[in-house]
Every structure is written in structure tokens, then in C-alpha cells.
Amino acid sequence: MKLPGLLLALIFAQSASAATVEYQLTPVLTQKSLTAVQFDVLFDGAATGRTNLELPDSWGGQEELWREIEGLQVVSGARMSAGEGAADRVLRHAPGSRIHLRYRVVQNWKEGPPSASDGNPYRPIIQPNYFHLIGNAAIVLPELDADATARIRVNGLPQGWRFASDLEHADLSLAQARTSISVGGDYRILRDEHSGLRLAIRGDWTFTDAEFLASVARITHGHRRFWNDPDAPFLVTVTFLTTPDPGWTSIGGTGLDDAFAFFATPNAEEKLISRLLAHEGLHTWIPLKIGGMPETDEAADYWLSEGFTDFYAARLLVRDGAWGPQEFADDLNETLGAYAVSPARAYPNARVTSDFWKDQNIQKLPYQRGRLLAAIWDARLRASGEQDLDDVVHAMRQRATAGSELKAVGLFRKVAGQIGLDVDADLRQHIERGGPITLPKDAFAPCGEIVTRQVPNFHRGFDIDATTAKGNVISGTDPDSPAYAAGMRDGMQLIKRASGEIGNAQIEIDYLVMDGDRERHIRYLPRAKGEHSVQMLHIDPGLDAAGQAQCRRVLGGG
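Numbering (the numbering used here), first residue to last: 1 to 558.
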């Protein structure tokens, strides 16, 4: 059912000479349930009489995204034929002819709502009462002039549905239509009038909408203040993930030009969400506005794009007062602990480049390496004078804005070298060759010290991969393990982990299992034989008020 006269029109400024592509989005319902989203695309074809079309293909670790595009057809103005690849089409037409395309976006990568077991749903989500579309997975692009603009119209929304998209800004380029997020359905739309933030959220959470909106507004405002940018429209979408286990917590998402798509299970805590948003929100600037990424082998530079983003996410949470020194230390120590036991720790960067999307341990490595190296370089700059890493990234931003052709990594090397920070040896040793990174003892003085400790190796006492593969039936129990001594046996049904930290052998772990026809808790220290070294930031508990203030300046910069 349509609201009388409902037509949401998002119309964007354009130059009179620029080609304009108009996208009309219409929900397709069957018996009041959404089954697809139809796109009508209208534009003037190229003056040559040939216009290539680019369907969604590879993005965010997803492949063959064109499979979610159905019924692509020319309504009028051209003839369409196959292109060189599965994601390519060719239109032939009279020069400058007005062309009308139509297609539907569907969800055929799985049935039912997105689940935490599927990972982040970067493919289209089309559910009976809502849709979630990332432009990279939903927009068919005609290849037109570089200055081509876009216009988006949304119509036919059922009564009671809401729509939100980050396409609601002036001077929308055609390329920006791909780097967008659009949602519609039973989302709740909230606005923070001071920061320009909008929140589109659905489902029930452990926090209120208002609490979350305030937290996100604080983070986004702090980011813009750091980069000396005015507040501007920014969209955050929060989409509910189902879970096969009530004890399963999942938080993930992706940041685009001026939006962030967030996915989580309902038990996710607000502080974990804020940490993720602090990271993803910074991708508006890092690396996009400090030089950008190479056109090929992007993963080779993830140590900067992801590692620096992680460094600044924590720094700005301290600067804006959301975190104190201990929260900063807890977050850093989690990174240090994961890095210490990473099976990928010694891999060279060439392995990161080739296998980033194939191995979760490799995916985490650039985040860890880049954050730790950023901390080392920041400490060196502070020790040598009045500068810190903030001066480097701000200079990178200025040069990138002025038209530097260097990408972010090249620009970082150049700017750092010009202010006396030699990073080349570190990059060869720790990034290219995979040498271990060790923080100096005084990296965060006067907050406290980096201490190195020997800690027991972590192991659950059973094979988690085999257990998961068998539908959470405990498998591969080690008879010499604390788990076995506590009563864990093959064949028990794993219900959930009630407490404990994966990777931390010094905290008791508690698994709720079904043993025959009864539930029972099995508690033990998840230790394996042997020990390993791990670094940790220990905050000095004796800091006076002046020391606390100085510590905050070190951790928060500025």
C-alpha cells in the first residue's frame, strides 16, 4: 500500500554540462512482503553511440555480486549485448540517445535474515519488512564522463516504512552512488541536529536509541574537530543479525564516504559498538583524504589504512573524554595479546597481500602492525620535540587536498622523512619482512610502562573447528588438558560460552554444555603446555592530577 502522494525525491545539484544518471528505486512486494528492489536507470548515452555498463562484481571480500542483479533489460533507447566479463554489458544506441534500463536487486546468496554465522552481510539484504543495500553491491553504473552526476528518486514505499540514504547531499558524483548505503522498511530514523548525524536502526538492543545516537554523535563530532572539518551529514545504519547461539556476540560493519553500515547481534554492548564506530568513522579520512589507496594490491597498504585508523580511533576516544587511561590500556593490551599469539605474526607483507581475504589471522595482522608502529613513531616524534603523529597526518591531508599524486603510503614516507622521522627501515623490517614489533618501555610515559611477561599458552582443550563443523558437538578433546580434567568429553553438545576470554589462559572459562539429558557448566583454566611473551601497558595507579592530565595528552594527542 502506498501513502497518498508519497514520493521521496533526493535531488542533487549538478553542473549544466555534466551528464546526469537518474536512479528510480521502487520496492517490489508480493502479498505485502518485500521480494526485490527495482531500479529504473535513465541517462543520455555516450556521443560515440556505445556505452559500457558495469555491474557489481568484487567488493569487501565478496565475489560475483552481479548474481544479485536480475532481469537487467533495456526498456528503451539502446540494444544491449554481453561485454568482456560476467559483470560487463555493452549498449549500442544513437549518439546521445535517451536510455532507460531496468533491473531488480534480490537476495539470493542465502535464504532468510542475515546471521552472525554468515559474517558481515555485504551483499544485498532483501527481507519481507526491510532492505539494506550497499551501492557496491546494488548499483549498475554506465561508463560516462568523469564529471557525471547522479540523481536518486525513491517511490512506492509501503505505509509505515521509512527510508534513509547517505545520498542526500549536494554535488553527488556518479561514482559516489556506488559508495553509498540505502535502507528502507521498519528502520527507526533518528537525527542529531547539532552534528548532522542520522541513525537508522532496527531491532531491540541492550541500549536505547537515544543513548546510541548520543554516543555516535560524540564520536563523529570529535573526528571532524580533529580534522578541522565542519559538522556534515553522516548516516549510521544498524542492522540486526540473528545468531545460532544466545551466547554468540558478533559486531562488524563497513565505513564508506559519509556513512557507516553496522551489523550486530542483539547482545552487543554499546561500548564495543562505539569502538567499532570510532574505527570505521575515521575511514572518511583515512586513507581517503590523506592520499588514498593503490588501484591494485590494496591489502599491501592496509597496515596504514587500517592500522593508523585503529591508532586514531583509540586516541580520539581519549581526547574526546569517552575513555580514560585504563580503557585505552585495556584496548591496546587486547591488540598486544592477539599479536603475541598470532600464527600469522611473522608473515611478510606479500602474504598479507595475497591471502588477506582467505585467512582471519592474516586479516588482523595489518591492523596490529600498523597500530603498534604508529605508537612507536608517535613516541619518537614526541621525544624529539613538539611534534607528534598528528602533525604528519594533517600534513598528508593538506598535500593530498593540494593535488599530490602520491598515495597514502608514499605520502606518509615523504612527509615523515621531511620532519626527521625515518620510517623506511621499520617498514622493511616489520612490514615487508614480517619482523616482530616491540614497543619501547616508555612508549606512553608518564602514563605507565610497557611490561613484558611470560603467560601460559591458551587452548580450549578441544578442537573448536571440528566442534563447529559437527554442529557444536564437542570433538577432539585432549585427555591431558584442564578441560578433560574438568569433565569435558567428546559428544557433549556445546550450548554457549558463559564466561572467559578467547586467547586469555589466565581467566577461567565456563562452557554450558548438554551432557546426556542435562545441562551442566564446565569451568577450567584454558591452558596448553608452554608459555609465550606478551607486552602490556600498565597504567601507573599513583599518578597525581598533573600526571593524569599529562597522560591524557600523551594518549589523546594534541
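Because the hints were derived from the structure by calculation, they are not lab data. Keep in mind it's a predicted model, so treat the numbers as computed, not measured. Where a beta carbon is used, it is the ideal one built from N, C-alpha and C, also for glycine. Hints are supplied without guarantee of correctness; some may be wrong.
Derived BS3-like pairs (lysine-lysine); straight-line CA-CA distance at most 30 Å [unchecked claim]: (1) 407 <-> 364; (2) 496 <-> 364; (3) 496 <-> 289; (4) 529 <-> 496; (5) 496 <-> 441; (6) 289 <-> 414; (7) 110 <-> 496; (8) 470 <-> 414; (9) 414 <-> 271; (10) 110 <-> 441; (11) 496 <-> 470; (12) 407 <-> 470; (13) 110 <-> 414; (14) 289 <-> 271; (15) 271 <-> 364; (16) 358 <-> 441.
Derived DEER-like restraints, expressed as beta-carbon distance ranges [unchecked claim]: (17) 499 <-> 84: 21 to 31 Å; (18) 487 <-> 28: 14 to 24 Å; (19) 429 <-> 40: 14 to 24 Å; (20) 364 <-> 86: 26 to 36 Å; (21) 94 <-> 465: 34 to 44 Å.
Taking 30 Å as the top limit, are the C-alpha atoms of residue 289 and residue 414 close enough?
-> Holds: residue 289 and residue 414 sit about 16 Å apart, inside 30 Å.
If you draw a straight line from the CA of residue 496 to the CA of residue 441, is it 30 Å or shorter?
-> Violated - the C-alpha atoms of residue 441 and residue 496 are around 39 Å apart, more than 30 Å.
Pairwise beta carbon distance, residue 364 to residue 86, judged against the given window 26 to 36 Å = Taking Cβ atoms as reference, residue 364 and residue 86 lie about 32 Å apart, which means the hint holds.
Residue 429 versus residue 40 beta-carbon gap, inside 14 to 24 Å or not | violated (55 Å)
Hint consistency between residue 470 and residue 414 [alpha-carbon to alpha-carbon, up to 30 Å] = violated (52 Å)
Measure nothing beyond the straight line between the CA atoms of residue 496 and residue 289; if it is 30 Å or shorter, mark the hint as holding.
-> violated (43 Å)
Between residue 110 and residue 496, is the straight-line Cα distance small enough, at 30 Å or below?
-> holds (25 Å)
Would the pair residue 414 and residue 271 pass a check requiring their Cα atoms to be no farther apart than 30 Å?
-> With Cα atoms ~36 Å apart, residue 414 and residue 271 exceed 30 Å; violated.
Taking 34 to 44 Å as the hint, is the beta-carbon distance of residue 94 and residue 465 inside that range?
-> violated (59 Å)
Has the given pair, residue 110 with residue 441, been kept, meaning a C-alpha gap of at most 30 Å?
-> Since the Cα atoms of residue 110 and residue 441 sit roughly 50 Å apart, the hinted pair is violated (cutoff 30 Å).
Could you see if the CB distance from residue 487 to residue 28 stays within 14 to 24 Å?
-> Cβ of residue 487 to Cβ of residue 28: about 54 Å, so the range 14 to 24 Å is violated.
Is the straight-line distance between the alpha-carbon of residue 407 and that of residue 364 30 Å or less?
-> Between residue 407 and residue 364 the Cα gap is close to 22 Å, so the pair holds against 30 Å.
Checked against the numbered hints given earlier, the structure breaks hints 3, 5, 8, 9, 10, 12, 13, 16, 17, 18, 19, 21 and satisfies all the rest.
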